[in-house]
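Enquirer: Please take these sequences and the hints and turn them into a complete structure.
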Amino acid sequence: MRRQYYFRPSPRGLLAWDVDRLVALSRHLPRKHIPLTAIRELDEACVRCKATRLLMCQSG
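Just so we're aligned, residue 1 is where the sequence shown starts under my numbering, counting upward by one.
No wet-lab data here; the hints were simulated from the structure. Be aware that a few hints might be false.
[What the hints assert, rightly or not] With beta-carbon atoms standing in for the labels, derived distance ranges: (1) His-33 to Gly-13: 28 to 38 angstroms; (2) Pro-11 to His-33: 10 to 20 angstroms; (3) Leu-14 to Arg-40: 16 to 26 angstroms; (4) Gly-13 to Glu-41: 14 to 24 angstroms; (5) Glu-41 to Arg-3: 26 to 36 angstroms; (6) Ala-16 to Arg-40: 29 to 39 angstroms.
C-beta: ideal position from N, C-alpha, C; glycine also.
Expert: Printed below as a string of structure tokens:
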């Protein structure tokens, strides 16, 4: 599987996270169940990154 990155515009500019690195760093943290409805990004059909002009869309 190709590496995954998460991008979010902010007042400080584009924020980017390496998802594989976050998973590795959080491996020993306690797990917590949250409802999917609490994850606002799941409701975003498409997000255009202003810095890279990439369009990220949900499939289906």
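Enquirer: Looking back at the hints listed earlier, which ones does the structure fail to meet?
Expert: 2, 5 and 6
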